[in-house]
Amino acid sequence: MPPPAADDAQLRLAVTQGLPAMEALAARYTADPPVLLALASAQAQAERYDAAIATIERALALAPSSAQSGKIMGILWRAAQSPAAEESFACLRELGSRGADVEFDLATTVGVRDAVRERAKAELSNHMALDASSDTRAATALLLAPDCATRKSLLDRAARDGGKRTLAMLERFSSGVGCSSSSDGSCNACLMGSPVLAHAIAQLRAGAKP
Amino acid sequence: MRRASFALSAAALLLGASGCGLAGSMNVEPVAVSTQKPGNVALYVAVSQHGAGVAGLDKQAFKVYENGVALDSNQIELTLLPTASAATQRAAILVDMSKTLSKGEKEALGASLRSFIVRLRQREAVSLYAFDGSEKVHLVADYAKDARAEPDEKDTSMDRLLAFSRRDSSSSLYTAVMDGAQKLSASLAAEGRPIQSGTLIVIALNPDLAGRVDSSKVRDFVANSPHHYLLLTVGMWATSADVSFIGKNGETRAASVSTLSSPLETVARTVDDDYFKNYLVSYCSPARAGTRELRLEITTTDSQGKKSIGRYDTEFDASGFGPGCNPLFLPHFAVAPAKDNGAKVASSSPNGASAKPAPKSAAPATTGDNVKISSAAPPATKPAASAAAPIAEPPSGLGYE
Chain S
-11 MPPPAADDAQ
-1 LRLAVTQGLP
9 AMEALAARYT
19 ADPPVLLALA
29 SAQAQAERYD
39 AAIATIERAL
49 ALAPSSAQSG
59 KIMGILWRAA
69 QSPAAEESFA
79 CLRELGSRGA
89 DVEFDLATTV
99 GVRDAVRERA
109 KAELSNHMAL
119 DASSDTRAAT
129 ALLLAPDCAT
139 RKSLLDRAAR
149 DGGKRTLAML
159 ERFSSGVGCS
169 SSSDGSCNAC
179 LMGSPVLAHA
189 IAQLRAGAKP
Chain R
1203 MRRASFALSA
1213 AALLLGASGC
1223 GLAGSMNVEP
1233 VAVSTQKPGN
1243 VALYVAVSQH
1253 GAGVAGLDKQ
1263 AFKVYENGVA
1273 LDSNQIELTL
1283 LPTASAATQR
1293 AAILVDMSKT
1303 LSKGEKEALG
1313 ASLRSFIVRL
1323 RQREAVSLYA
1333 FDGSEKVHLV
1343 ADYAKDARAE
1353 PDEKDTSMDR
1363 LLAFSRRDSS
1373 SSLYTAVMDG
1383 AQKLSASLAA
1393 EGRPIQSGTL
1403 IVIALNPDLA
1413 GRVDSSKVRD
1423 FVANSPHHYL
1433 LLTVGMWATS
1443 ADVSFIGKNG
1453 ETRAASVSTL
1463 SSPLETVART
1473 VDDDYFKNYL
1483 VSYCSPARAG
1493 TRELRLEITT
1503 TDSQGKKSIG
1513 RYDTEFDASG
1523 FGPGCNPLFL
1533 PHFAVAPAKD
1543 NGAKVASSSP
1553 NGASAKPAPK
1563 SAAPATTGDN
1573 VKISSAAPPA
1583 TKPAASAAAP
1593 IAEPPSGLGY
1603 E
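The listed protein sequences correspond, in order, to chains S and R. Here my numbering is used: the first residue of the first sequence is -11, the next is one more, and so on. Here my numbering is used: the first residue of the second sequence is 1203, the next is one more, and so on.
Incorrect hints may appear among the rest.
Stated by the list, open to error - Just a few of them, taken from the derived set where beta-carbon distance is under 8 Å, the chain S residues facing chain R:
no.	residue
1	Asp(-5)
2	Ala(-3)
3	Arg0
4	Val3
5	Glu11
6	Ala12
7	Arg36
8	Asp38
9	Ala51
10	Pro52
11	Ala55
12	Lys59
13	Met61
14	Arg66
To be verified - Partial chain S-side listing against chain R, Cβ under 8 Å, derived:
no.	residue
15	Pro8
16	Thr18
17	Pro21
18	Gly58
19	Asp89
Hints in this document: simulated from the structure, not taken from any laboratory. Don't be surprised by glycine CBs; every beta carbon is placed ideally from N, CA and C.
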């Protein structure tokens, strides 16, 4: 009977040899989360995102702490922009706070397709993880705010609860971009030169939370 | 059928491809041909007779002729290489979970599928998908190829399948077939080998009830797909619903979920048959210059002493050939795009000169003996979104790997 977990050398070798070797290793060590994560990476690299997501789901079932893995975030980030987008968003929901982080980043990162950004915003709006970080919650509130006045009212909370993601939002506001509502033509006019905004940015820059 | 590319690499230039399998009723279907310096010639062929694969041939069954001269198999070091060294083979099983199953039916389904998958993966990698009324199939498990695979008590994949939670209570058989085929293509393409053989096995418990696509569209899709399609319908509905076109390479029926074992055995035999009909013939050509007419002849003798002969003819350019050939050298079948389901001979000279057109017809043709000249098929279709839309990189410094 094989041991329940592959050793480092086996894992490194399989990673080097590529997807078929990783599949074989995962077939041997079916309950070894590091092997499953490496398999998911190989599957994602081969653009087999649906398979990668299924593998991640297995890893999460075995080791819920895997949800904190940056590797899983990266895979689901890419999968959300692939034909397996729906499966990816479903998995992001299961991921909890890290899933909310990825959704927020998808909604706000330049280069992500509009459809994906809108999909991510809808996810944040309807299925925000209960354990989402205060930073992501504050940043999401700013993102989803319907108009400038609402955003302005959120600045104190942003300064208090925010971190890197909130800071990025505020910096966009201060430069006149970052509107989140197409119906709000002068979306950030009320924030131009706002001392509250400047204060929030300074505070977050001084101690940006990860 | 299989996806295949014809290409020339290194030293030689394949000038044409034509085939025949005139003697007896043997069908020699060329899948890919390669010639490489210093003198390697390799042919990947599928051999069948009366519609069934011819398995178990040894190298004595193969004879090579160049310019009409029979070559001594020992002198040219004729060798049969493992087909797995050049080809990727994979099966995708789509299981219709749109129907509510009793506990007993679930147990029967699980037991039948478990042994079926074990048998399949001894030959090739297998992916197991469930489908319901949703547009897309849901991956349950990937199984790596394992020649020594045995039933594994710890394998929970069947439990996952049987616990599949329906997301849409309809049945979307047609979109499942199309989505499953696309996923199969992507899986094959991911392995990056030029010869790709995919088999889609559909276990349908319901006709298509969702109606997302017309049957004519699915019919065309299946007909033009490079994969093998095997259909197993479960229940009496199949006698009145025309879904047989989905099983273009084989169709069988089961009366109920509880009687799946025997039909699955039939499907497994069909997959085996397809697997073992492939041969990768390699030899060292004695040619040192010029164009050579090449004939590969395959002879079998049945239990009553009756001979059957199949042939495949082509040409190659032996310019630059010399001594030092090793027939065990892995052939290099380069990927070449093909149009429709027709053969495409992609030829390239070793120094990158432009390819010459084939002097003989390289288009798919059928001889009087129903011999296909080629089975080259289009490259696997990548999912539209990934092909059309670039994937943005995640922001740095936020924990992504």
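Taking the hints in turn, this is what the structure says about them:
no., hint, in the structure
1, Asp(-5), "19 Å, violated"
2, Ala(-3), "19 Å, violated"
3, Arg0, "16 Å, violated"
4, Val3, "13 Å, violated"
5, Glu11, "4 Å, holds"
6, Ala12, "4 Å, holds"
7, Arg36, "5 Å, holds"
8, Asp38, "5 Å, holds"
9, Ala51, "15 Å, violated"
10, Pro52, "17 Å, violated"
11, Ala55, "12 Å, violated"
12, Lys59, "4 Å, holds"
13, Met61, "5 Å, holds"
14, Arg66, "5 Å, holds"
15, Pro8, "7 Å, holds"
16, Thr18, "6 Å, holds"
17, Pro21, "15 Å, violated"
18, Gly58, "4 Å, holds"
19, Asp89, "7 Å, holds"
Violated hints, listed in ascending order, are 1, 2, 3, 4, 9, 10, 11, 17; each of the other numbered hints is respected by the structure.
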